[in-house]
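Asker: Sequence:
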Amino acid sequence: MISTVIRTLIMYFIIITAIRLMGKRQIGDLQPSELVITILLSEIAAIPIDDTETPIIYGILAVVTLVILEILTSFIAMKSLNFRRLVYGRSAVIIENGIIDQKILNKLRITVPDLMEVLRNQEVFDINEIAFAILETNGQMSVLLKPQFQTASVLDINGQSQPTTMPCLIVSDGKLLTKAMEKYNISKKKIENKVKQENLRLKDIFLMTIDQNGEFTIVKKNKDNR
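Every letter in the sequence shown is one number past the one before it in my numbering, and letter 154, counting from 1, is 167.
Hints in this document: simulated from the structure, not taken from any laboratory. Where a beta carbon is used, it is the ideal one built from N, C-alpha and C, also for glycine. Worth double-checking, as some hints may not be accurate.
Restraint ranges, calculated between C-beta atoms of paired labels, are given here [unchecked claim]:
1. Asp63 to Glu149: 30 to 40 Å
2. Asn141 to Val49: 22 to 32 Å
3. Glu149 to Ser200: 39 to 49 Å
4. Asn198 to Phe88: 46 to 56 Å
5. Val49 to Lys120: 41 to 51 Å
In the SDA-like style, the derived pairs of lysine to any residue whose C-alpha atoms are separated by at most 25 Å in a straight line are [as the list claims (entries may be wrong)]:
6. Lys192 to Asp139
7. Lys234 to Thr222
8. Lys116 to Arg103
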């Protein structure tokens, strides 16, 4: 009995340390690979606790291996867009400019009741109020309401509200996102000219978006990340 208690305490602190090393996320924010790792950690922790004949070092080695694998996967995903898409997939625009993309719904195997349930969880009960709805790679739904259904801001009160637009991410960590450029008909030359105007190089840009009005937003990389 004492052996089981000691093993439980050891595995408890090992798992806590492992989760801290992998980073802080809520369960609902986990990517598929992170969810798999979390499930495996719980299963591995139970083995040396239930079976006192199994050396506890086996469980510790398995946990360390999974943590290293997850950290390595996350690091590669940060540096390679193709690897990130392979492991985590892509976000899917389900509603765009108020129109439901039925092909995307069928591809993702999402039924209309499923969609309505997710929207209700976002406190949206009328689909006519939605401008954009995006299914993120972690399974969460992001919703942008039409201007008339959004909470009024200072600009709205002053009569300066703008039409609802969804900025397009075109540069991520110094890399051009060609798919997004094609979708919004943005030329590489236009981006290069903007980068030159800001006296920057493409590899110096951490984040760059453009909205439907042609307005750019640029976030430069920290010096440590260049």
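Asker: Could you run down the list of hints and mark each one as holding or not?
Answerer: For each hint, the structure was consulted:
no.: 1; hint: Asp63 to Glu149: 30 to 40 Å; result: holds (37 Å)
no.: 2; hint: Asn141 to Val49: 22 to 32 Å; result: violated (38 Å)
no.: 3; hint: Glu149 to Ser200: 39 to 49 Å; result: violated (28 Å)
no.: 4; hint: Asn198 to Phe88: 46 to 56 Å; result: violated (34 Å)
no.: 5; hint: Val49 to Lys120: 41 to 51 Å; result: violated (23 Å)
no.: 6; hint: Lys192 to Asp139; result: violated (31 Å)
no.: 7; hint: Lys234 to Thr222; result: holds (14 Å)
no.: 8; hint: Lys116 to Arg103; result: holds (16 Å)
Going through the hint list in order, the structure does not satisfy hints 2, 3, 4, 5 and 6.
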